[in-house]
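Protein chains: 2
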Amino acid sequence: MGRRILVVGGLAAGPSAASKAARTNPDAEVVLFEQGDAVSYGVCEIPYHISGEVKAEDLAPFTPEILRATRRIDARVLHRVEEIQPHRRTIRVRNLAGGTTLEEKFDRLVLATGSRPRRLGMAGEEARNVFRLKALDEGIALRKFVAQEHPRTAVIIGGGYIGMEMADALKSLGLDVTVLHNAVLPMKGLERETRECVREELEKNGVRFVSMAQTGGFVRGGDAKITHVLTSDGSFEAGIVVVAIGVEPNADLARGAGIRTGASGGILTDRRQQTSVDNIYAAGDCCEVKSLVTGRQVYIPLATIASKAGWTAGENAAGGSAVFLGAIRAIAVRVFGLEVAQVGASEADAREAGFDPVSETITGWSRVAVMPGSERVTVRLIADRKTRRLLGANIWGREGAVLRANTLAVAIQQKATIADMQQWDLAYSPPFTPLWDPLLVAANAMHKKLGIP
Amino acid sequence: MGRRILVVGGLAAGPSAASKAARTNPDAEVVLFEQGDAVSYGVCEIPYHISGEVKAEDLAPFTPEILRATRRIDARVLHRVEEIQPHRRTIRVRNLAGGTTLEEKFDRLVLATGSRPRRLGMAGEEARNVFRLKALDEGIALRKFVAQEHPRTAVIIGGGYIGMEMADALKSLGLDVTVLHNAVLPMKGLERETRECVREELEKNGVRFVSMAQTGGFVRGGDAKITHVLTSDGSFEAGIVVVAIGVEPNADLARGAGIRTGASGGILTDRRQQTSVDNIYAAGDCCEVKSLVTGRQVYIPLATIASKAGWTAGENAAGGSAVFLGAIRAIAVRVFGLEVAQVGASEADAREAGFDPVSETITGWSRVAVMPGSERVTVRLIADRKTRRLLGANIWGREGAVLRANTLAVAIQQKATIADMQQWDLAYSPPFTPLWDPLLVAANAMHKKLGIP
Numbered sequence: 000m001g002r003r004i005l006v007v008g009g010l011a012a013g014p015s016a017a018s019k020a021a022r023t024n025p026d027a028e029v030v031l032f033e034q035g036d037a038v039s040y041g042v043c044e045i046p047y048h049i050s051g052e053v054k055a056e057d058l059a060p061f062t063p064e065i066l067r068a069t070r071r072i073d074a075r076v077l078h079r080v081e082e083i084q085p086h087r088r089t090i091r092v093r094n095l096a097g098g099t100t101l102e103e104k105f106d107r108l109v110l111a112t113g114s115r116p117r118r119l120g121m122a123g124e125e126a127r128n129v130f131r132l133k134a135l136d137e138g139i140a141l142r143k144f145v146a147q148e149h150p151r152t153a154v155i156i157g158g159g160y161i162g163m164e165m166a167d168a169l170k171s172l173g174l175d176v177t178v179l180h181n182a183v184l185p186m187k188g189l190e191r192e193t194r195e196c197v198r199e200e201l202e203k204n205g206v207r208f209v210s211m212a213q214t215g216g217f218v219r220g221g222d223a224k225i226t227h228v229l230t231s232d233g234s235f236e237a238g239i240v241v242v243a244i245g246v247e248p249n250a251d252l253a254r255g256a257g258i259r260t261g262a263s264g265g266i267l268t269d270r271r272q273q274t275s276v277d278n279i280y281a282a283g284d285c286c287e288v289k290s291l292v293t294g295r296q297v298y299i300p301l302a303t304i305a306s307k308a309g310w311t312a313g314e315n316a317a318g319g320s321a322v323f324l325g326a327i328r329a330i331a332v333r334v335f336g337l338e339v340a341q342v343g344a345s346e347a348d349a350r351e352a353g354f355d356p357v358s359e360t361i362t363g364w365s366r367v368a369v370m371p372g373s374e375r376v377t378v379r380l381i382a383d384r385k386t387r388r389l390l391g392a393n394i395w396g397r398e399g400a401v402l403r404a405n406t407l408a409v410a411i412q413q414k415a416t417i418a419d420m421q422q423w424d425l426a427y428s429p430p431f432t433p434l435w436d437p438l439l440v441a442a443n444a445m446h447k448k449l450g451i452p
Numbered sequence: 000m001g002r003r004i005l006v007v008g009g010l011a012a013g014p015s016a017a018s019k020a021a022r023t024n025p026d027a028e029v030v031l032f033e034q035g036d037a038v039s040y041g042v043c044e045i046p047y048h049i050s051g052e053v054k055a056e057d058l059a060p061f062t063p064e065i066l067r068a069t070r071r072i073d074a075r076v077l078h079r080v081e082e083i084q085p086h087r088r089t090i091r092v093r094n095l096a097g098g099t100t101l102e103e104k105f106d107r108l109v110l111a112t113g114s115r116p117r118r119l120g121m122a123g124e125e126a127r128n129v130f131r132l133k134a135l136d137e138g139i140a141l142r143k144f145v146a147q148e149h150p151r152t153a154v155i156i157g158g159g160y161i162g163m164e165m166a167d168a169l170k171s172l173g174l175d176v177t178v179l180h181n182a183v184l185p186m187k188g189l190e191r192e193t194r195e196c197v198r199e200e201l202e203k204n205g206v207r208f209v210s211m212a213q214t215g216g217f218v219r220g221g222d223a224k225i226t227h228v229l230t231s232d233g234s235f236e237a238g239i240v241v242v243a244i245g246v247e248p249n250a251d252l253a254r255g256a257g258i259r260t261g262a263s264g265g266i267l268t269d270r271r272q273q274t275s276v277d278n279i280y281a282a283g284d285c286c287e288v289k290s291l292v293t294g295r296q297v298y299i300p301l302a303t304i305a306s307k308a309g310w311t312a313g314e315n316a317a318g319g320s321a322v323f324l325g326a327i328r329a330i331a332v333r334v335f336g337l338e339v340a341q342v343g344a345s346e347a348d349a350r351e352a353g354f355d356p357v358s359e360t361i362t363g364w365s366r367v368a369v370m371p372g373s374e375r376v377t378v379r380l381i382a383d384r385k386t387r388r389l390l391g392a393n394i395w396g397r398e399g400a401v402l403r404a405n406t407l408a409v410a411i412q413q414k415a416t417i418a419d420m421q422q423w424d425l426a427y428s429p430p431f432t433p434l435w436d437p438l439l440v441a442a443n444a445m446h447k448k449l450g451i452p
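Protein sequence lines correspond, in order, to chains E and F.
Be aware that the first sequence starts at 0, since it is given in numbering that gives the first Met the number 0, and climbs by one per residue.
Be aware that the second sequence starts at 0, since it is given in numbering that gives the first Met the number 0, and climbs by one per residue.
Among the hints, a few may not be true.
If chains are identical, the list can't say which one is meant, so a pair holds when it fits in one copy or spans any two.
Stated by the list, open to error - Only pairs whose alpha carbons sit at most 20 Å apart, straight line, appear in this in silico SDA-like list of lysine to any residue:
#, residue 1, residue 2
1, Lys-54, Met-370
2, Lys-133, Pro-430
3, Lys-170, Gln-84
4, Lys-187, Ser-263
5, Lys-289, Val-322
6, Lys-414, Ala-352
7, Lys-54, Pro-430
8, Lys-414, Leu-324
9, Lys-133, Arg-270
Calculated from the structure, these hints are not laboratory results.
Isolated chain E (complex conformation) (with noise of 0.2 Å):
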């Protein structure tokens, strides 16, 4: 017989490791342990089911029955896993259907436990109005009480990037929108500039968007509903309610069964996404991951780095060698009619990280200036003085900015230095790009500033 692989998680990273030990090892028994009522379904588009974009139906593409048919997982939704004996090679699983309470022994285990919202701790969360965005149900919920309630007005707490999209998705359905934020501008981690855009493109749509607020607590009102949030700035009145300020990881369990976790709480795992115990892995928005531009370990909760971790951890846990170098962070979002994204390192980081980091902006455009489409592309590049190294870069615009990004994600991660980008030939067509492509215009300007070697 197989060796028997416990997959705790069914979100991300679980599906993806399940998956890949199932297709590794043949003989392997892979089951999978999800304590909500689904698996494997799409965080990242409930703000685009909420703005009626992505229908309900195509939020969860995978269930159960399609894992058990077409990947040979035995995926058990409603189970709860309590506790990891590691020595015993046992798990403790409580059936949340039925309330029984199991043990099931494995030869790998897998924790893909993910991330949890913050939470205020504010009485009045709970409330019926009051919506965060990391489950299913939740975004299925949100857009149904907007469609049967009718709120009139939306206050959403927090200015990430979750906050955006539902800044957007909400004003989309007619809403009058304010997100709340605790400092003066939204999306941190990005640069100054990058930000100050978003905000205007926030206030340009019509998002009351309010600076260093701090969220004093919740009016509630008849039904079981806040009808207001309180605020250093005053009171909002509020149909619905987003708290959108962050998650943490989901390593309790971890860390119960003596996995070491890192400063952020995530459990560490070595580059074949192995934890500090023998025969557990771990992956996804649980883990920290390794920073490809610092070195360090960082905690990055996105799915792209959950499913290719997830897959390594599958693939190892099953007897293969699979390594998973790390991630720079990469991140997208449309702000209304703009593409925004952030690759690598911010120049906080870079200069933390004990880099030399010198930045410059430039605009562009998004394909021949004359042509009709083209759109202004804002390019900030973050490069080492010293090895002249790209580290990061923001940028922004109403076309062509998020795939050239990603142009940029792996010039950052094939250590480019800016006289390579200089070099770059890329492809130009007047429809979809200039002769001197943003990028190029970035490279140069970046060349000059930092002088003649």
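Assemble chain F onto chain E, guided by the hints.
Relative to the frame of chain E, chain F by itself:
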């Protein structure tokens, strides 16, 4: 007094070299000679002027006056350089307006004499409804001809990328368009699957594509116009004819001065863009260029290469020490609704250069599949079996093909392997990119095809 830098050719590489020279050395006297009556215009935009997307006045943003006023370049149009006397460091220049001939001394000379369209060498080729698209006036004349004489039919001789752009442009003006091509599929140099897709797109849009066509001659009508094109497949009515069978380097002037040229007839330079003759530099379509993939000298007449090589020639002519390392061949074209791009070596190129090329094709999505507007994107990668290095790629689709091709262009230049590609951390955002970008899907498929090391 500063050095005297003469530049021959006013289209792409010439103005680029002259501008850079004037900027690099503020004491230099920079004179540019152009035999036509315009400088620095957008040849690549001509098809989009013909379609009506770009206005005539937007084709030529730089006049000789602007070059003089803003860039300190003494630009002389209607001046043909007829001879170089390297030992005396002089050139003989004919003023085409006055007919006089002058001798001009130089300290450094930059040749940017460009390319010329290949000719069929058939009687009737000079008829007033036969056009090539190498010069601004021809593009403007073609559009005027269509507007004034309302031809119903167009025959395009040549199925390369200019032929494709012209088919698109003329079809959009309502003409009945036939493309005569000397091979089974259009766009030689692309992979078979890409070419099949392009042919399909032509036919889907009502363009008649005649494969393996041998142009036999023209039938002349009464008013200095062609009425039909004769081929091995019969006669085609032609209210206008576009001859787009490629270009060849314009290197006669250089050869006359004893400057070395390569197998294609293009001028050979070192990576400082210096020719085999002291004090004479060259750049652009009159030159060969080093392939960054195969290391060989190749002929790639593209504006992107011309402008970078021009910069390098200009900087060095002015006393700087710039290098231009070479090019990979990066081409993009819009064929009706299709974005088509090629970067790096074709499978055939790669094999001929001594690689052991492996190709793999996948089809992914431009955005998250269930997002409105998401389109299929097909990626064909060409990798070297031994080193696993990415050598080339074709990408096509109705959205997000060209910018993704540019990401692969960078990967090729940064010498990425397929293993590197699998690790790429790319931004994922439903309106712009799927969780597994087509580039990652392609890398994973290629990894599988190459087998476990």
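Structure-based check of each hint:
no. : hint               : in the structure
1   : Lys-54 to Met-370  : between (35 Å within a copy, 9 Å between copies)
2   : Lys-133 to Pro-430 : between (39 Å within a copy, 19 Å between copies)
3   : Lys-170 to Gln-84  : neither (49 Å within a copy, 71 Å between copies)
4   : Lys-187 to Ser-263 : within (17 Å within a copy, 54 Å between copies)
5   : Lys-289 to Val-322 : within (12 Å within a copy, 36 Å between copies)
6   : Lys-414 to Ala-352 : within (16 Å within a copy, 27 Å between copies)
7   : Lys-54 to Pro-430  : between (32 Å within a copy, 14 Å between copies)
8   : Lys-414 to Leu-324 : both (14 Å within a copy, 18 Å between copies)
9   : Lys-133 to Arg-270 : neither (27 Å within a copy, 55 Å between copies)
Violated hints, in rising order: 3 and 9; the structure is consistent with all others.
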